[in-house]
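K.L.:
Heads up: the protein sequence lines correspond to chains A and B, in order. For the first sequence, position 292 matches number 292 in my numbering, and the numbering has no gaps at all. For the second sequence, position 10 matches number 10 in my numbering, and the numbering has no gaps at all.
Hints are computed from structural coordinates only; laboratory data are not their basis. You may find that some hints are simply not true.
Listed below are the simulated DMTMM-like cross-link pairs for lysine to aspartate or glutamate, each with C-alpha atoms no more than 25 Å apart in a straight line [stated by the list, open to error]:
hint, chain 1, residue 1, chain 2, residue 2
1, B, Lys33, A, Glu233
2, B, Lys33, A, Glu488
3, A, Lys126, A, Asp80
4, A, Lys315, A, Glu331
5, B, Lys33, A, Glu410
6, B, Lys33, A, Glu525
7, B, Lys33, A, Glu622
8, B, Lys33, A, Glu526
9, A, Lys270, A, Asp253
10, B, Lys2, A, Asp530
11, A, Lys437, A, Glu622
12, B, Lys33, A, Glu331
13, A, Lys107, A, Asp80
14, A, Lys270, A, Glu331
15, B, Lys2, A, Glu622
16, A, Lys270, A, Glu312
17, A, Lys509, B, Glu25
18, A, Lys278, A, Glu350
19, B, Lys2, A, Asp441
This one's a predicted model, so the numbers in the text were calculated from it and none came from an experiment.
These are the residues of each chain, in order.
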Amino acid sequence: MSGYQASCPSCGDTVVFSLGQSLLKVCESCGSAVARQGAKLESYGKVADLIPTPSVLKLGIEGRYPGAPGFRLVGRLQLDHGSGTWDEWLLGFDNDQWAWLAESQGKFHYMGRAALPPVREFARMKPGASVDLGPAGVFVVTEVKTAQFVTAQGELPFDVRPGSALHYVDLSGPDGQFATIDYGTGSGAEALYVGRAVTLDQLGIREIASAEERRKRVQGGQIACPQCGGPLEIRAPDQTQRVACPWCGSLLDATNDLAILQALNQAPVKPDISLGTKGRIGRATWTVIGFMVRSVEYEGIRYGWHEYLLYEPRKGFRWLTNNNGHWSFVEPAHAGDVRDVFSGTARYAEQRYRHFQSAEAQVDHVVGEFYWAVARGDKTRIVDYVAPPYFLSKESTPSEDVWSRGEYMEPGQIWETFRLQGEPPEPTGVAPNQVWKWKKDARGVYASALMFAGLILFGYVVLLALGGSTVHTESFTIPPNAAPGSAEATVFTQPFEIPRSGNVQIRAKAPVMNSWLYLDGALIEESSGDFHAFDIEVSYYTGRDSDGVWTEGSDRRTTYLGSVPPGRYVLRLSPQWEQARVPQGYEIRVRSRVPRFYQAFLALLAVGFWPVMVAWRQFRFEMARWSESDHAWTSE
Amino acid sequence: MKRAYTAFALSVLGLWGASSWLGWELFAAQRGKIPQSVRQAPGGYRSFAYWRGGK
Numbered sequence: 001m002s003g004y005q006a007s008c009p010s011c012g013d014t015v016v017f018s019l020g021q022s023l024l025k026v027c028e029s030c031g032s033a034v035a036r037q038g039a040k041l042e043s044y045g046k047v048a049d050l051i052p053t054p055s056v057l058k059l060g061i062e063g064r065y066p067g068a069p070g071f072r073l074v075g076r077l078q079l080d081h082g083s084g085t086w087d088e089w090l091l092g093f094d095n096d097q098w099a100w101l102a103e104s105q106g107k108f109h110y111m112g113r114a115a116l117p118p119v120r121e122f123a124r125m126k127p128g129a130s131v132d133l134g135p136a137g138v139f140v141v142t143e144v145k146t147a148q149f150v151t152a153q154g155e156l157p158f159d160v161r162p163g164s165a166l167h168y169v170d171l172s173g174p175d176g177q178f179a180t181i182d183y184g185t186g187s188g189a190e191a192l193y194v195g196r197a198v199t200l201d202q203l204g205i206r207e208i209a210s211a212e213e214r215r216k217r218v219q220g221g222q223i224a225c226p227q228c229g230g231p232l233e234i235r236a237p238d239q240t241q242r243v244a245c246p247w248c249g250s251l252l253d254a255t256n257d258l259a260i261l262q263a264l265n266q267a268p269v270k271p272d273i274s275l276g277t278k279g280r281i282g283r284a285t286w287t288v289i290g291f292m293v294r295s296v297e298y299e300g301i302r303y304g305w306h307e308y309l310l311y312e313p314r315k316g317f318r319w320l321t322n323n324n325g326h327w328s329f330v331e332p333a334h335a336g337d338v339r340d341v342f343s344g345t346a347r348y349a350e351q352r353y354r355h356f357q358s359a360e361a362q363v364d365h366v367v368g369e370f371y372w373a374v375a376r377g378d379k380t381r382i383v384d385y386v387a388p389p390y391f392l393s394k395e396s397t398p399s400e401d402v403w404s405r406g407e408y409m410e411p412g413q414i415w416e417t418f419r420l421q422g423e424p425p426e427p428t429g430v431a432p433n434q435v436w437k438w439k440k441d442a443r444g445v446y447a448s449a450l451m452f453a454g455l456i457l458f459g460y461v462v463l464l465a466l467g468g469s470t471v472h473t474e475s476f477t478i479p480p481n482a483a484p485g486s487a488e489a490t491v492f493t494q495p496f497e498i499p500r501s502g503n504v505q506i507r508a509k510a511p512v513m514n515s516w517l518y519l520d521g522a523l524i525e526e527s528s529g530d531f532h533a534f535d536i537e538v539s540y541y542t543g544r545d546s547d548g549v550w551t552e553g554s555d556r557r558t559t560y561l562g563s564v565p566p567g568r569y570v571l572r573l574s575p576q577w578e579q580a581r582v583p584q585g586y587e588i589r590v591r592s593r594v595p596r597f598y599q600a601f602l603a604l605l606a607v608g609f610w611p612v613m614v615a616w617r618q619f620r621f622e623m624a625r626w627s628e629s630d631h632a633w634t635s636e
Numbered sequence: 001m002k003r004a005y006t007a008f009a010l011s012v013l014g015l016w017g018a019s020s021w022l023g024w025e026l027f028a029a030q031r032g033k034i035p036q037s038v039r040q041a042p043g044g045y046r047s048f049a050y051w052r053g054g055k
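Only chain B is shown next, with the shape it has when bound in the complex (with noise of 0.2 Å):
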């Protein structure tokens, strides 16, 4: 029990070293990606527009 116990353990430190190195989160924020068409528009990702849903 004790080596079974051992290596769930040293699985949780992994497990928490890795979300420590990576920067996991519990939740993810919502993630996109900018068109290129829109990037190389004029005023690119700054317009208002794209993130008004082009209104």
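In isolation and in its complexed conformation, chain A is listed as follows (with noise of 0.2 Å):
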């Protein structure tokens, strides 16, 4: 690294800065934030002490990022934009370059200096907006604030006052990148910073500040509340910023000593899961340390839903959330990789959500610790969509967005994962998350439709191919002189053979025309003297009417018996006619083992049945869940 080396304008002790890019300096001896305007050094007084914060780094510690060169602890900037501190530290890196390292609830972002292309002005910058960084790619504001500047130990590459305001804008873009743009004190955009989330491992930081250098917020352990004397056991002394008693139900300031913010004397909300309780989900065992009651508002009704803080030291902070007894397990998601939010859905982690609600969701009760400043009656917007198991959410405020996937666990689960006494409540409604519990079955059970109806068609096909044969076919003609119905009119086939047993089809067809004919008959064996009795008319009708020509009938029909045996048989035929119109004869087929359509489409009908009904409840299941959504399928 490059030096600059001169004497304190205020106490004339040596101040080193070791970036040659560096423009403020704050003196080791007196604690004057020194400014470089050139040649020229200007003293802009003392600076304040460092905030306790519970930072693990210190200035001076080295590392190296895999393909960069090595680096140190070159600066330390605190900044507060209302509701905490957080830790920037800058990182010197031996070839005179430097980047950022932003510490905040134990989670670190290497942002390093970009080319900066035109952007909006600050007070044009909403969140949700998307913002085009150029080769970074497309990004996505989460959040636009002011932040003052409180202190800073070390060197800056920036000459501005402290306690100056500083603005800026964060941004989430693909692939896990964060960015920065830094306004300063204007309003015009003066540097873009991009960068990911890093652990001090991938730093190469091996050596961090020791327990007595860290400050904590506020003691960990055992301690009384101020309000009401009750013991408080503060379980995330690193990272909370707000304490809800809960005996007394009154909000302190974690950050300055437990002051009472709100005091009261009332007993909350007892939550389900106890505070202090652990369990474990996924590879980590998670501590409740806190608990809150939120609500939406419809229709003049309060609709309320719990929701549980997790902690985890290395892995941060996760959400149980219980909504008439449905619970899920809620992890932050990265908004820059949210995409497609348009059109009633959103993508997230290649899986399409679909929108559910938006609703101002308000909070009315919190107990424990939290990492944030939180307020009861704090409202933030909510937007909701889902792809059961899992929802995906967006809480908004004016200056922030935050989104977050949750994923439903059932309630035996819970009581499991945190060894409850008893057993859980059971959920009432269904959750918009709530996967349908035969869902998976249900899938099978249609692939299996799918396969037998295809095995009906295609065995119905089989069938025709092979069967039907025609056993006989014999013509007759109708006496002149003889009567409908009578001995002189009646006729028996020639034998013939009907080698295997199944149905038989009978056909007549006769040349009828505004007439009928109709056959009494019987099929007979003749050894045993077994008939099956059996008729047929054959009809045909046409004319003319004012829509034209109209036909009714045919000059053929078909009957069929079922189940006749193997033998030689014979047809008993008694026709009879219309008086005025004797038909000139008739004509007899009889063929055996007949594919019949009708007990296919039978087959085909009960093998559909059940799972049209099962597609029936889960669409039942469906209009429950989407009954409660912005997008209800019934109005009541």
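Build the complex: two chains, separate frames, hints provided.
P.N.:
Below is the structure:
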């Protein structure tokens, strides 16, 4: 690093700017902020003492990011946007370049300086807006805020007086990228930083500040509530900003020696899972440290749900939500990876979500610890999307968008995870991200139904190809003077063989025209005398009316006899006809083992009935789900 | 549920196969047996009188 050395204008001691590009240095002797203005140094006065933060870093720590020169922490900037102080560390590389390492809630973001494309001025930036950052891609604005430059340590690459208000816009980009547009104290963008979340291991940082060097916001362990004296157990002292007393409900400021922000003397709502309860979800053991009751108002009625804040020191914070007995485990979602938020859909992690509900949610009760400055009555705009068993949720304030993704958990699983007593309350209704319990089975049933339907159709085609052999055909004339149904008109066919048992199709064909022929018949097995009686009526009528030519009937008609055993048969046929219109004759054809379509159709109906009922139940389930949404299928 | 459905559908297939093979019909025709005495009588089952109820 190319350094610069001069005398402090306040105390005269030596100040060393280790980076050639550093413009501000806090004098180690007198604590004054010394600005480099060309060859001249100016003192901006003493900076405030460092605010206690739980940072594990300290100036002088060295590291190496893969593919980059080694670095050293040369500066520390403390900022506050009104709800908490966070640290930004200046990394000075061996090649005199620099980058920022932002630290918040135990997470680190490596942010390198990038070319700043033309972007809107600060006042026109809104959460949710898309910003094209050139080679880095299109980012979405997640936070538009103004932070106070509280204090600093070491050196900084800009020349700003401590105490100044700095405008910035945080953005989330594709593939886990983050960006910050620095507006400085004005309205025009001054710098762009692009980076991603990193771990200290990735940065090659082995050395961290000792426990004595780390100053916690509040002392961990057992302390007493300053309002009611009740015992408070602080489980995440590094991260906690607010503590809500579980005994009196008072809201305390963890960043200011548990000063009372809101004094109450009432017992808050008792959570189902007590604070301090531990449970293993995924690969981590989570501790319940906070509990909130939130609600939305719809047509004058408030609908509430419970949220539990979970904490694990290495992974940070997660949520458990309980809505009418339905539970979900909620994790942060990277806003830059949420795509296509339009037309009621959103895409995240290769999954398409459908818009479910938009509402304004309110915090009604809080108990325990929280990593942000929570307060009763806090309002956020919530937009929920669902793709069971997941939901994707965006919570918006005028200056910030926060995305999260929840996954449905069975109540019994929650009880088992946190070793809760008794049985979980039975959930009511259908949760937005609840999976219909038969969904997997239903898919199997639908697939099987298709397979069985295919089998039936294939079988019917095979039967058509193989079955239906003609065993007898014979024509008869009706004696001219015979009376209908008389002995003279009655005939018997020649004997014929039916080789195999099965059904028999008998078809009568007669040249009827605006008349009919009725056959009273019997299929008689000659040796046993067993017979099947049947009748066939052939009729055909035609004419003309105002609609044109009409016809009715046909010159042929068939009938079927079931389960006819093999044997030698004759047909007895006794014809009758319309007196004035004697048909000349008729033809009889007998076929054996003829495939019946209606039977295949009934089989199709039978195998289709079950999946139809399954689909109906699934439909009813989805109806119940969406009846609670902004897209209800029925209006009540 | 899938197993139950598979069993049910296989039963349906079996029933359909049996009905096709054995020639079952939904509505059975009237069946009867011509008595031995009629069959041995002159004209046998071909007698008109038998089919007209002896008239």
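K.L.:
Looking back at the numbered hints, which does the structure fail to meet, lowest number first?
P.N.:
Violated hints: 1, 5, 7, 10, 12 and 18; rest satisfied.
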